[in-house]
Amino acid sequence: MTVTVSRPDTGARTPLPLDVEAIRADFPILTRTVRDGKRLVYLDSGATSQKPRQVLDAERWFYENVNAAPHRGAHQLAEEATGAYEAARATIGAFIGAPEREVVFTRNSTEGINLVAYALSNAATAKEPEFRRYAVGQGDEIVVTEMEHHANLLPWQQLCERTGATLRWLGLTDGGRLDLSDLATVVNERTKLVAVTQQSNILGTINPLGEIVARAHEVGALVLVDGAQSVPHSPIDVAELGADFLVFSGHKMLGPTGVGVLWGRYDVLDALPPFLTGGSMIEVVRMEGSTFAAPPQRFEAGVPMTAQVIGLAAAVEYLRALGMDKVEAHEHALTGYALEKLAEIPGVTVIGPPDTIARGGAISFTVEDIHPHDVGQVLDDLGIAVRVGHHCAWPVVRRYGVPATTRATFYVHTGYDDIDALADGVRAAQKFFGVS
Amino acid sequence: MQLESMYQEIILDHYRHPHGRGLREPFEAEVHHVNPTCGDEVTLRVHLEGDTIADVSYEGMGCSISQASVSAMYDLVIGRTVQQALETGEHFRTLMQAKGDLSVAEKLEDELEDAVAFAGVSKYPARIKCALMSWMALKDASARALSTAGGQS
Numbered sequence: 001m002t003v004t005v006s007r008p009d010t011g012a013r014t015p016l017p018l019d020v021e022a023i024r025a026d027f028p029i030l031t032r033t034v035r036d037g038k039r040l041v042y043l044d045s046g047a048t049s050q051k052p053r054q055v056l057d058a059e060r061w062f063y064e065n066v067n068a069a070p071h072r073g074a075h076q077l078a079e080e081a082t083g084a085y086e087a088a089r090a091t092i093g094a095f096i097g098a099p100e101r102e103v104v105f106t107r108n109s110t111e112g113i114n115l116v117a118y119a120l121s122n123a124a125t126a127k128e129p130e131f132r133r134y135a136v137g138q139g140d141e142i143v144v145t146e147m148e149h150h151a152n153l154l155p156w157q158q159l160c161e162r163t164g165a166t167l168r169w170l171g172l173t174d175g176g177r178l179d180l181s182d183l184a185t186v187v188n189e190r191t192k193l194v195a196v197t198q199q200s201n202i203l204g205t206i207n208p209l210g211e212i213v214a215r216a217h218e219v220g221a222l223v224l225v226d227g228a229q230s231v232p233h234s235p236i237d238v239a240e241l242g243a244d245f246l247v248f249s250g251h252k253m254l255g256p257t258g259v260g261v262l263w264g265r266y267d268v269l270d271a272l273p274p275f276l277t278g279g280s281m282i283e284v285v286r287m288e289g290s291t292f293a294a295p296p297q298r299f300e301a302g303v304p305m306t307a308q309v310i311g312l313a314a315a316v317e318y319l320r321a322l323g324m325d326k327v328e329a330h331e332h333a334l335t336g337y338a339l340e341k342l343a344e345i346p347g348v349t350v351i352g353p354p355d356t357i358a359r360g361g362a363i364s365f366t367v368e369d370i371h372p373h374d375v376g377q378v379l380d381d382l383g384i385a386v387r388v389g390h391h392c393a394w395p396v397v398r399r400y401g402v403p404a405t406t407r408a409t410f411y412v413h414t415g416y417d418d419i420d421a422l423a424d425g426v427r428a429a430q431k432f433f434g435v436s
Numbered sequence: 437m438q439l440e441s442m443y444q445e446i447i448l449d450h451y452r453h454p455h456g457r458g459l460r461e462p463f464e465a466e467v468h469h470v471n472p473t474c475g476d477e478v479t480l481r482v483h484l485e486g487d488t489i490a491d492v493s494y495e496g497m498g499c500s501i502s503q504a505s506v507s508a509m510y511d512l513v514i515g516r517t518v519q520q521a522l523e524t525g526e527h528f529r530t531l532m533q534a535k536g537d538l539s540v541a542e543k544l545e546d547e548l549e550d551a552v553a554f555a556g557v558s559k560y561p562a563r564i565k566c567a568l569m570s571w572m573a574l575k576d577a578s579a580r581a582l583s584t585a586g587g588q589s
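Line order of the protein sequences matches chains A and B.
The numbers in this note's numbering rise by one with no breaks, and the one at position 87 of the first sequence is 87.
Heads up, this note's numbering is the position in the second sequence plus 436, with the first residue counted as 1.
Note that these hints are calculated values from the structure, not bench results.
Treat the hints with caution; some may be incorrect.
[Claimed, not checked] Here are the simulated SDA-like cross-link-like pairs (lysine to any residue), alpha carbons at most 25 Å apart as the crow flies:
1) B/559 <-> A/290
2) B/559 <-> A/94
3) B/559 <-> B/516
4) B/565 <-> A/48
5) B/559 <-> A/29
6) B/559 <-> A/32
7) A/431 <-> B/497
Isolated chain A (complex conformation) (with noise of 0.2 Å):
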């Protein structure tokens, strides 16, 4: 789908599937001002996203009403927390299609996706026969591609390590998509999971991932997707996904700090043996050993980030009420837009897809002849923040041959006129360094 923007100097706009003037009202913090009083511009919601006042006050109304130890003691407010608790698992499955025994909470994606990681090496050794269903050893591949986030890499990498295993990647093509050309033979029978961005922090691309999970599946392998820039962004269902975990960060969607999730089919899960150990993910605790409790507690040791929990069912319901489907318009608009504009700018190249074909609202560019540091630096002292660097994910830009780059990324209060600013400040920045 091509979304048409009409351009800024026909006075034509095509209007914005979502009310921004609305929603910038329920986030305090875009009523603050940087660098001497200029309106703030943040364009960096890819890091992390700000947060709208329904999510800061269900954080607040948790701690000054409820506040207790869920899954733990038995007085009015321990019940309480433990109904609060559960019933934002709940929510947060449902706004992804899953059930609540599938939904493990985890301090942000990363922390997911070294659950798994860990679970799998741990389950070479596991003392219980049921736990060594995916165990990784010698011999057998995991699958990442060149396009991960280091958090979606490194664990991986690491798993190899500690196994033995072998690490094989798909890799890019010129026009910043995965290419897909040898996923027959980097996928074999020797492969025991792979793992795959939904979408990239970097290039925006969004990843096909129907072709990748069936040739997964059909040579027995797990598949784990990143959706840390994809479920904030767009609705997913875990049905329609076919994959066997999603990760996401808290975050990234207008939630707290400190708080992610791992989806995990549950047969799998059930299989798996637990990363971290300790408190209430326990079924009989003896000096001479231990049994564990049943997915989703087996992976959910220790007293878990209550609040942030309930902080983040506030935001998958505002961005319910919102309506997936429009943010995921209205960032495909913006899109659009923004490529536009940074193309009429002489000496700006856009490190991924040049179009809004299964593209998301992460655009990353290049200034000819000045440094990404020095563009954000000139966007900084103009109120605009946007990611300078590799972005965690230094793999891709060597790909491409830069070093580094600027990364404007969009999300529901986002408007035109923010996109103005940006394109405006590249201009500022060419005319302050001499290059236009």
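Let chain A serve as the given structure and place chain B on it in line with the hints.
Frame of chain A, contents of chain B only:
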């Protein structure tokens, strides 16, 4: 705009026309330093005659601040002893920790010459490491060069 306080004309001059750039021989030590948060890199060689720095040669890629910093450092350390160069490096670090306090810059002006122009960088915590990268590389390379020389004598 606040930008001019950081991007002094002297800095931009060093960035556009770097002094001493390129890798040269002879050298006793070569180091490669990266800034892992942004991917900036510098490869730096040190050539000693006795304990005097006879040459510092380098290649790198990075932002204007990191590239200008290594150029200004080159001017400051050639012909100095390793000890003097490292002391200058410590003064530069003090300047970077000044949080924009101009009195610190005034005190260090004679010592740091062009490099005092980096005073404005100290107001931007995220950029301080860009300015310091080459000095860290020099410290590392000189230590290695001295230990190599010691091993040969």
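Against the structure, the hints:
The hinted pair formed by residue 559 of chain B and residue 290 of chain A fails the criterion: a straight-line CA distance of about 55 Å is larger than 25 Å. For the hint pairing residue 559 of chain B with residue 94 of chain A, the CA-to-CA distance comes to about 46 Å; that exceeds 25 Å, so the pair is violated. For a cut-off of 25 Å, the pair hint linking residue 559 of chain B to residue 516 of chain B is broken: about 29 Å separates their Cα positions. Of the pairs offered as hints, the one joining residue 565 of chain B and residue 48 of chain A holds, with about 23 Å between alpha carbons and a cut-off of 25 Å not exceeded.
Pair hint residue 559 of chain B plus residue 29 of chain A holds up; C-alpha atoms about 23 Å apart against a cutoff of 25 Å. Our distance criterion of 25 Å between C-alpha atoms is met by residue 559 of chain B and residue 32 of chain A, whose separation comes to about 20 Å. Restraint check for residue 431 of chain A and residue 497 of chain B: satisfied, since their Cα atoms lie roughly 22 Å apart, inside the 25 Å limit.
Checked against the numbered hints listed earlier, the structure breaks hints 1, 2 and 3; every other hint is satisfied.
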